[in-house]
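S.K.: Those protein sequence lines, which keep their order, are chains R and D. The opening position of the first sequence corresponds to residue 1 in this note's numbering, with each subsequent residue numbered one higher. The opening position of the second sequence corresponds to residue 1001 in this note's numbering, with each subsequent residue numbered one higher.
Rather than coming from a laboratory, the hints here were simulated on the basis of the structure. Treat the hints with care, since some could be wrong.
[Said to hold, decoys possible] With a straight-line cut-off of 35 angstroms between C-alpha atoms, the simulated DSBU-like cross-links for lysine-lysine are: (1) D:Lys-1218 to D:Lys-1242; (2) D:Lys-1118 to D:Lys-1128; (3) D:Lys-1128 to R:Lys-267; (4) D:Lys-1228 to D:Lys-1218; (5) D:Lys-1029 to D:Lys-1124; (6) R:Lys-27 to D:Lys-1124; (7) D:Lys-1250 to D:Lys-1228; (8) R:Lys-27 to D:Lys-1128; (9) R:Lys-267 to D:Lys-1218; (10) D:Lys-1228 to D:Lys-1242; (11) D:Lys-1124 to R:Lys-267; (12) D:Lys-1029 to D:Lys-1128; (13) D:Lys-1228 to D:Lys-1118; (14) R:Lys-27 to R:Lys-267; (15) D:Lys-1118 to D:Lys-1029.
[To be verified] Only part of the chain R face toward chain D is listed, based on derived beta-carbon distances under 7 angstroms: (16) Asn-168; (17) Ser-172; (18) Leu-173; (19) Met-176; (20) Leu-182; (21) Pro-194; (22) Trp-271.
Note that CB positions come from ideal geometry on N, CA and C, so glycine has one too.
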Amino acid sequence: MSEIASTANGTGKTRVVNFRGGGFAPKSMRWVGPIVFVVLIGLMELGTRTGFISNLTLPRPSDVFGTFVHLWDTGLLWQHMVPSVSRLLVGAALGASTGIAVGVMIGLFSLVRAGLVPLVAAIFPIPKIALLPLFVIWFGIDEASKYALIAFGTFTPTVVATYGAVDNVDRSLIRMGQSFSLSWRSIVLKIVLPGAMPGILSGLRVSLAIAIILLVAAEMLGAEYGIGAYILEAGSLYDLERLFAGVVILSVMGVGVSALIGLIEAKILGWRT
Amino acid sequence: MDLHLDRISHFYGETEVMRDISFDIPAGKIICIIGPSGCGKSTLLRLIGGLERPSEGQVIQIGDPPADSINPLTYIFQDFALLPWRSVEGNISLVLEDHGITGNRADAIITDVLTRTKLTDFRKALPKQLSGGMKQRVAISRALAVNPAVMLMDEPLSALDSQTRELLMDDLISLWTRQNFTAVYVTHNLNEAVRLGHSIVVLSRRPGRIQEIVDIDKPLPERGMGDKDLEEVQRHLWDLMKEEALAADKELINV
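Can you build the whole structure from these sequences, using the hints too?
M.R.: And the structure:
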């Protein structure tokens, strides 16, 4: 007791306890993302203008923008966008909905799990682009093969995310449902599916990004119009401005899809802590 | 409706979790089950309510549950088990919907149980907005909504701090006084057992056997926090359990 008192009285050296608890807590910083874009694009513009970066290595961002404006003015943008977006919508909707259905079945039935999990593991790593000729034979050179390719590519990651999400639903909630004699149907519809929703939506983020990647691949199949077709044509001509304009459109589509899912999450997952 | 446990034994694989357990659960009484950790008291509760099947023996229902009982054997869980995406009201209507009770009838039941658990103001709140004590009140009102013949309570107050526990204990006692419900109350807290139990079943460590059944005659509303006679009982319970708890603590877990 006396010792403590004497240090408090100032006989010992005093100092403030070091703080060491910071970090590891992600904060929301909305403005950083756009700044990174602006700085990068600014550097590219500056580099190409000063000649530090030659025009062969990188197109000048302002030229890419010019190409984009040209696309807009001539109406070519919509001519390419409309078929692409509709392919993306149809293909991704097909793939994601069957993926969610199969994933939920795997999550609910042991037999389906035992039968399909190895199969999904086997088809997941196949580059779907490699199967392009097969799709042409099965579905023809028209839209159907493009839908099929995108759907197939979206399907596998959705399945994996969905059954993982179903597995992660709190078992104590399911037991609660059983203890109140809820029907099997109600337990699935009112407990399992809403509980799996966060996992399914975050899986969709990945699957839809893959769908955009496959859009370009699908449009290698004799498509006259479409963002993918536009990029491929520009690529084969080494027309970097048009190539980049196309790539930027894909990126914007990706950001758009991600923002859409973010909106859905905010809307229906408000219950999360 | 009474329940009777008839020589129940239970195994998980090779491990014997309980042996030869028989006792009665008479209507209108609260039976507490206490025992050292791992003695199978929560398992026993799951067996009583039919969430698990006993390896040997059976749980027998004597008489019919009241006609208006929607879900005769109803649980209250330690972790509340509320659906986080449904409001207080929605969590209660969940268990009514499946039994065909919707609209005005459901509304009346929800209003009634929320009044009884003093939750009327929280009707539209989501579980994440509620404290632990409030969540357990919601779970209790959900259980009351189906008008159970027997309430099966699995350490309902163990996840709560001691002040909240005291408050909820008072609430449970006043609920019981208003309308004598039947309950099996599993706990590791001896104080809860002597405050709420009409009789207390003391289990030994694994494999759980009945060591003693202690009856307390003092009426629930008259029991208070520091009652001498209750403390006497509590000391007796602790004497019964101490050795067992010590031994159970030292056991290797290989389930």
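S.K.: Could you run down the list of hints and mark each one as holding or not?
M.R.: Now for the hints, and whether the structure bears them out:
1. D:Lys-1218 to D:Lys-1242: 25 angstroms, holds
2. D:Lys-1118 to D:Lys-1128: 18 angstroms, holds
3. D:Lys-1128 to R:Lys-267: This hinted pair holds, its Cα atoms lying about 16 angstroms apart.
4. D:Lys-1228 to D:Lys-1218: 12 angstroms, holds
5. D:Lys-1029 to D:Lys-1124: Holds, because 33 angstroms separates the two Cα atoms, which is no more than 35 angstroms.
6. R:Lys-27 to D:Lys-1124: Roughly 30 angstroms separates the two Cα atoms, so the pair holds.
7. D:Lys-1250 to D:Lys-1228: Distance of about 32 angstroms is within 35 angstroms: holds.
8. R:Lys-27 to D:Lys-1128: Given pair R:Lys-27, D:Lys-1128 holds - Cα atoms ~21 angstroms apart, limit 35 angstroms.
9. R:Lys-267 to D:Lys-1218: Outside the cut-off at roughly 53 angstroms; violated.
10. D:Lys-1228 to D:Lys-1242: 20 angstroms, holds
11. D:Lys-1124 to R:Lys-267: Within the cut-off at roughly 17 angstroms; holds.
12. D:Lys-1029 to D:Lys-1128: With a Cα-Cα distance of about 33 angstroms, the restraint between D:Lys-1029 and D:Lys-1128 holds, given a limit of 35 angstroms.
13. D:Lys-1228 to D:Lys-1118: 31 angstroms, holds
14. R:Lys-27 to R:Lys-267: 21 angstroms, holds
15. D:Lys-1118 to D:Lys-1029: Measuring from Cα to Cα gives roughly 23 angstroms; hence the hint holds.
16. Asn-168: Since the shortest Cβ distance to chain D is 14 angstroms, the answer is violated.
17. Ser-172: 5 angstroms, holds
18. Leu-173: This interface hint holds because 6 angstroms falls under the 7 angstroms limit.
19. Met-176: 4 angstroms, holds
20. Leu-182: Holds, about 5 angstroms.
21. Pro-194: 5 angstroms, holds
22. Trp-271: With a minimum Cβ separation of about 4 angstroms from chain D (threshold 7 angstroms), the hint on R:Trp-271 holds.
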